[in-house]
Amino acid sequence: MSHWTEGLEPGDEDRSLVRPYAITRGRTAPERDDLRLITMVVTVDEHGEKTAARGLEPEHRAILEQCREPSAIAEIAATLNLPVSVTKILVGDLITQGRVAVRPPPTARQAGLNTTLLQAVRDGLEKL
Amino acid sequence: MGWRNSDQDARPERGRSAPAAVKFLVAGGFGVGKTTLVGAVSEVAPVRTEEYLTQASAGVDVIEGLAEKSTTTVALDFGRISISAELVVYLFGTPGQERFWFMWNDLVNGALGAIVLVDTRRLEVSFASIDFFENRGVPFVVGVNCFHGECDRTAEEVREALDLDPDVPLLLGDVRRPEVGRGLMLALVDRLMAQAPPDDTPVGVG
Numbered sequence: 001m002s003h004w005t006e007g008l009e010p011g012d013e014d015r016s017l018v019r020p021y022a023i024t025r026g027r028t029a030p031e032r033d034d035l036r037l038i039t040m041v042v043t044v045d046e047h048g049e050k051t052a053a054r055g056l057e058p059e060h061r062a063i064l065e066q067c068r069e070p071s072a073i074a075e076i077a078a079t080l081n082l083p084v085s086v087t088k089i090l091v092g093d094l095i096t097q098g099r100v101a102v103r104p105p106p107t108a109r110q111a112g113l114n115t116t117l118l119q120a121v122r123d124g125l126e127k128l
Numbered sequence: 001m002g003w004r005n006s007d008q009d010a011r012p013e014r015g016r017s018a019p020a021a022v023k024f025l026v027a028g029g030f031g032v033g034k035t036t037l038v039g040a041v042s043e044v045a046p047v048r049t050e051e052y053l054t055q056a057s058a059g060v061d062v063i064e065g066l067a068e069k070s071t072t073t074v075a076l077d078f079g080r081i082s083i084s085a086e087l088v089v090y091l092f093g094t095p096g097q098e099r100f101w102f103m104w105n106d107l108v109n110g111a112l113g114a115i116v117l118v119d120t121r122r123l124e125v126s127f128a129s130i131d132f133f134e135n136r137g138v139p140f141v142v143g144v145n146c147f148h149g150e151c152d153r154t155a156e157e158v159r160e161a162l163d164l165d166p167d168v169p170l171l172l173g174d175v176r177r178p179e180v181g182r183g184l185m186l187a188l189v190d191r192l193m194a195q196a197p198p199d200d201t202p203v204g205v206g
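Here the protein sequences line up with chains A and B, keeping their order. Heads up: the first sequence begins at 1 in our numbering, then just goes up one per residue. Heads up: the second sequence begins at 1 in our numbering, then just goes up one per residue.
Honestly, the hints are just simulated from the structure, not real lab data. Keep in mind that this is a model prediction, so the values were computed, not measured. Just so it is clear, CB atoms sit at the ideal spot from N, CA and C, and this is done for glycine as well. Some hints here could point you the wrong way.
Said to hold, decoys possible - If you want the footprint, here are the derived chain B segments under chain A, 3+ residues with CB under 8 Å:
hint, stretch
1, 42-52
2, 76-83
3, 87-93
4, 119-127
5, 143-153
6, 160-174
Said to hold, decoys possible - Just a sample of chain A residues kept apart from chain B, beta carbon distances all over 10 Å, derived:
hint, residue
7, Arg36
8, Leu37
9, Ala101
10, Val102
11, Arg103
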């Protein structure tokens with residue numbers, strides 16, 4: 001019986017054999033549970049290019065690149081083609097390192113009580 | 001660039017600020033036009049994202065001592081409408097298999113409200129979504145997707161068949177048209193505003 005890695009080209013390992021939880025070094029749950037699908041993430045620019053790359057997985061660097069323009073967790077997950085929970089772990093790493101800032105969404109209750117916010121949404125939709 | 005401006009609500013941890021984000025759900029059964037609606041109103045083509053959901057298999061026959069949980073990958077499509085530099089609306093089309101997205105708390109929690117799409121030829125595929133939002137107290141509106149611009153039922157007939165509460169807005173239209181999705185979102189926001197206290201006490205959007 002041939003081994004399952006036979007037939008893979010050298011160098012393929014990085015692309016085809018890395019499972020999502022290998023990227024997170026085995027972690028399956030984010031350390032912080034406050035990140036939501038629409039938590040906005042923005043890269044903190046004070047790190048220079050060199051220090052920004054040190055000790056980071058390629059996925060971390062991709063997040064830093066994408067979040068130069070604020071992006072939601074769901075958008076980051078879609079770009080990285082990773083499940084949302086894995087993306088949250090990676091974003092959590094960057095928060096811990098102070099490399100990104102986040103803005104949590106209002107709760108449904110907060111937003112539902114906030115007529116200023118609702119009016120802003122309404123005005124925006126009418127202009128579409 | 002507007003989003004660089006300081007904004008008391010933005011609470012940037014350092015320097016820059018991100019826009020506030022709000023979320024609407026687009027629900028209904030399989031094949032009712034959820035992704036079509038999202039695509040018609042989104043400023044970008046609908047994007048697909050995935051999540052692993054762990055389902056406790058309570059009530060399911062399992063051999064004692066074997067795995068009691070199963071993990072499923074659920075995918076959904078979502079779109080984005082940038083209202084301004086300070087405000088973004090995300091529209092999430094729920095996955096077709098209700099029993100999976102119903103337990104995806106991060107998808108449901110924080111949603112301001114929902115658009116439930118129905119297809120008059122298969123009303124029953126959207127019953128579960130309507131029940132779900134009614135039971136959770138999530139405000140929703142109903143959109144009757146008139147495929148190819150043809151509607152074979154009146155609003156009253158559909159309302160009666162769905163046994164809808166009189167104050168749930170119901171609109172008919174072809175969801176391929178952006179103005180139909182926009183009208184549904186506006187009806188939803190109007191419903192939210194009608195429920196909001198008249199006294200405008202800022203709660204803070206951050």
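Hint check results:
1. 42-52: holds (count 6)
2. 76-83: holds (count 4)
3. 87-93: The restraint on the stretch 87-93 of chain B holds, since 5 of its residues have a Cβ under 8 Å from chain A and three suffice.
4. 119-127: violated (count 0)
5. 143-153: violated (count 0)
6. 160-174: It is violated, with 0 qualifying residues against the three required.
7. Arg36: The assertion about A/Arg36 is violated, with a minimum of 6 Å to chain B.
8. Leu37: 5 Å, violated
9. Ala101: At roughly 4 Å from the nearest Cβ of chain B, A/Ala101 sits no farther out than 10 Å, so the non-interface label is violated.
10. Val102: Non-interface label on A/Val102 violated, nearest chain B Cβ at 7 Å vs cutoff 10 Å.
11. Arg103: 4 Å, violated
Violated hints, listed in ascending order, are 4, 5, 6, 7, 8, 9, 10 and 11; each of the other numbered hints is respected by the structure.
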